[in-house]
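If you read the sequences in order, they're chains A and B.
Take 1 as the starting number for the first sequence in the numbering used here and just add one per residue.
Take 205 as the starting number for the second sequence in the numbering used here and just add one per residue.
Because the hints were derived from the structure by calculation, they are not lab data.
Keep in mind it's a predicted model, so treat the numbers as computed, not measured.
Glycine is no exception: its CB is placed at the ideal position from the N, C-alpha and C atoms.
Possibly wrong hints are sitting among the right ones.
A few chain B residues that don't get close to chain A, going by computed Cβ distances all over 12 angstroms [to be verified]: (1) K256; (2) S342; (3) N397; (4) F499; (5) S513; (6) G588; (7) F682; (8) D722.
Here are the simulated distance ranges between beta carbons [as the list claims (entries may be wrong)]: (9) T121(A) <-> A519(B): 49 to 59 angstroms; (10) E172(A) <-> M205(B): 22 to 32 angstroms; (11) P563(B) <-> Y175(A): 35 to 45 angstroms; (12) Y275(B) <-> A23(A): 46 to 56 angstroms.
As a plain string of letters, each chain reads:
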Amino acid sequence: MIEKIKNISSRRIILGTAFTLIALFLLKGAFGLVSESAARKNGSLEYKVLTVEDMEWSGIENRDGVLITTDLDAQLATREVTKFASLKFYMEYTIFPGEMVVYYMEAGDPGFYPHKRIWITPVQGEMGWYTADTSMKDVVAVRIDPTMYAGNQLTFGEFIFNEEKTAGEYFEISYGDIFNLVVYTGIISSVLKFLQEMLKKEID
Amino acid sequence: MLLNCFISFMAIVIFAFALHLVFDMKPAITPLVSVAVLINSLSLLAMYDFLKPGVVVVWVLAFSAFAIGVYKCRTTLKDKLNSFLSPGVILFIISSLLMLVFLAHRQPLMSEWDEFSFWGISKHLMKIHDQLYTFYKSSMIGNSTPPTLGCLAYFFQRFVPQFTEWICFFGYDVMFFACFSALTAAFDRKSWNSAFIVYLFGFLSPYIFELYTKVIYLEPVYITTYADVPLGIVTAGAMAVYFFATDNNSRDIMPVLPVLMLLTLIKDMGFALSCIVLFIAFFDMWIGKKEFSFFKIKGFFGKCFAAASMLAVAAGSFMGWSMHMVKVMNRNPFELGGVTNMGQVEMLITGVKELLFGPQSEKFVFVKNRMIDAFFTTKISMLGSGAVIFAIVTALFAVAVIFGDKNGKKRSIMMYITSIVGFVGYYVFHLFLYVYIFKDRVSYSLGSYNRYIYPYYIAWVSFAVMAVCLAARDGKKFFAKSTLFGFTGVIFLIFSIYAGYDNIFIECNDRSFALRLDIKEKVEYIEDAIGEDDVIFLHCGGDNGERWFVYTHEFAGNIIVEELAVDVAGLTPQQTKEKYQQTFYERFKKAGVTHLMVDKTSPFIEDYFGDLFVDWPVSNVGNNCMAYYKVNYENDWYSFSLVKGGSVE
Chain A
1 MIEKIKNISS RRIILGTAFT LIALFLLKGA FGLVSESAAR KNGSLEYKVL TVEDMEWSGI
61 ENRDGVLITT DLDAQLATRE VTKFASLKFY MEYTIFPGEM VVYYMEAGDP GFYPHKRIWI
121 TPVQGEMGWY TADTSMKDVV AVRIDPTMYA GNQLTFGEFI FNEEKTAGEY FEISYGDIFN
181 LVVYTGIISS VLKFLQEMLK KEID
Chain B
205 MLLNCFISFM AIVIFAFALH LVFDMKPAIT PLVSVAVLIN SLSLLAMYDF LKPGVVVVWV
265 LAFSAFAIGV YKCRTTLKDK LNSFLSPGVI LFIISSLLML VFLAHRQPLM SEWDEFSFWG
325 ISKHLMKIHD QLYTFYKSSM IGNSTPPTLG CLAYFFQRFV PQFTEWICFF GYDVMFFACF
385 SALTAAFDRK SWNSAFIVYL FGFLSPYIFE LYTKVIYLEP VYITTYADVP LGIVTAGAMA
445 VYFFATDNNS RDIMPVLPVL MLLTLIKDMG FALSCIVLFI AFFDMWIGKK EFSFFKIKGF
505 FGKCFAAASM LAVAAGSFMG WSMHMVKVMN RNPFELGGVT NMGQVEMLIT GVKELLFGPQ
565 SEKFVFVKNR MIDAFFTTKI SMLGSGAVIF AIVTALFAVA VIFGDKNGKK RSIMMYITSI
625 VGFVGYYVFH LFLYVYIFKD RVSYSLGSYN RYIYPYYIAW VSFAVMAVCL AARDGKKFFA
685 KSTLFGFTGV IFLIFSIYAG YDNIFIECND RSFALRLDIK EKVEYIEDAI GEDDVIFLHC
745 GGDNGERWFV YTHEFAGNII VEELAVDVAG LTPQQTKEKY QQTFYERFKK AGVTHLMVDK
805 TSPFIEDYFG DLFVDWPVSN VGNNCMAYYK VNYENDWYSF SLVKGGSVE
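Isolated chain A, as found in the complex (with noise of 0.2 angstroms):
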């Protein structure tokens, strides 16, 4: 056994590594996918229409029905959503927005923490709709910070929670799954090469 590890080549030990991250991240759709479907079932996590009268809001007014920001942090939340996949939602405004982002509070936090955060980006094609997607989560909250201006007249359309996925999203990859699936390859293949260079006694 042992003279078998001694003998695995370096690209059998790089090869095997990739495969086995890739087989993980196939997985980790999988998961995503059975788990979100199995909760749509039994009703947990649901498919919600709420419009903007429904949020709390802070750092926005209501001028004769005109939404307008007061201050570079304006804020629409809501306790509606327990369970939270995606929201997608229509605005129009009248200074280009910058930064929109989703955040969501977990049970525990004492509040938003800005590494739970997903990144709100417009959906192609669709003029005025956005949309910000992520694996399941138990929330107890979820913010929206719309535009990073005050002074910018915001309309609002509706705000849809838990968009049924097709099975083909949950195995999107993005940027930041092949940059860890380059990094963690090297990473893990250089440690269980150095593993054996101990075991060959090769370093002292």
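Use these hints to put chain B onto chain A, whose structure you have.
Frame of chain A; chain B shown alone:
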């Protein structure tokens, strides 16, 4: 577009291979030497105004060197290729290609302030004019900055129809990756795992000093055209090129010469860093290289001669650039400018005198104390203050000394001491800059302290890692390798916690380029109304200056005239208005302003210039509007008539 990038990249790889073939240079250091030789050649050509044909000349140079190499080694070519593909070179090629695909697909934009006032716009100008920025008038500030980074960016986009920002990033990244490859030079193919870990360390090294805490905004290390990170990484690369050559003869020194020239011509501070590198290298030669000979001069004199040639290259390139400025721009090269209007040598002499013998001025003492304080308290990295970094560097060198072989121990101790001396020199030099050159506002608050100091820290930590690499090759491998793995592991861990990939280039979001995208829409709208020779006065309402600079970057081909402050204290509204109109009139006349551009009106324009608009009143210009007016000069007065204007969305 990709083709140009790819050919230029191939030229670098092929020339690196040629260096290995012809001079039998150590493979891992060839990419950096190749980048240095090619970009230096292009910079030299550019200084004689041959930038445009220069790229092809450099390609030809690279490919003919390759042909010569192939001819020379025609029988052993296969073995040579095999030995060329060391882990460093393979990592260099793979990461560059991945970066190319990523950047070409994602197309990030420049996003930092000084990219629009200098670092970015200089590259834009070079692309528009196909000349170095010293040859013409433009709205750019600071055209005395040395040329290599601009030429590096141009090298990859000579044949691209339009200036492309991500290609600039690609040029920088190729240079970085070449430096990381040089860091791995201690390891051959058998120790590929250590090479990978060191390469990963190199990749993370700028982040050690960019991520202080969990960040929310973009940290654009690999997608910026600032020169601070390049300074640090190329210093480390230059040291590695010298440090890992083990032939004990002039081959130790020759490869580092072009890299020193590259480093010197990155930014003014590059010369200081080059001097530090050669200082460390000289003592290393002295103590660590026994049978050393430089062009057949043996022993101590050979070493002195080698160090002298390094100094000659660094000083020569620095002087060369100064001469270029004298010739082309009629500028005194030794003026550092600034508040005291001191020359460089004068500054050093005055500074050393004041530091050692006094009497020290109030400002000197204040800034000195603040800088000493900052070393211990200012958080400069993810790991802590400068003192913490110093402790880590000490620990790494200690590992190198304890576990290194006999020669390695000596070299590590010497390098540790000389790098401390280098740091003190670098730090004191910045003290002088703060005291004598920078404006009081900057001096007293140590403005941009981190950014000015961390190039040396990046290099310093890399020096320490190099020493450990030496121990991992020649000494007690297990402990030294464990240190490399452990140290890189810790940094990677903190990096993954702090960064979150949406804050670094990997998953950078368009929202981080919001200002750029907003302005790009307006630029697209107004572009066709602007003539090539228009001299534009630009007004951006409610702007802190950043919008204004972004516009100068976008319209780099035109001259954008700066806004000016008018002293109107104690005047009545009517007098204020008259004074404004009069002062601006003189300014317009003098600068030859032909057009007025307004992005977002502010009460300022409406109140003081409202009656000068003949057709489309400026009050029409709302938040999303953009207007371009022609300035009509008649009867010693002026008025504005609309060329194009309207709502952009």
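Hint-by-hint comparison with the structure:
no.	hint	verdict
1	K256	35 angstroms, holds
2	S342	28 angstroms, holds
3	N397	4 angstroms, violated
4	F499	38 angstroms, holds
5	S513	38 angstroms, holds
6	G588	21 angstroms, holds
7	F682	5 angstroms, violated
8	D722	4 angstroms, violated
9	T121(A) <-> A519(B): 49 to 59 angstroms	51 angstroms, holds
10	E172(A) <-> M205(B): 22 to 32 angstroms	26 angstroms, holds
11	P563(B) <-> Y175(A): 35 to 45 angstroms	58 angstroms, violated
12	Y275(B) <-> A23(A): 46 to 56 angstroms	48 angstroms, holds
Of the numbered hints stated above, those contradicted by the structure are hints 3, 7, 8, 11, listed in ascending order.
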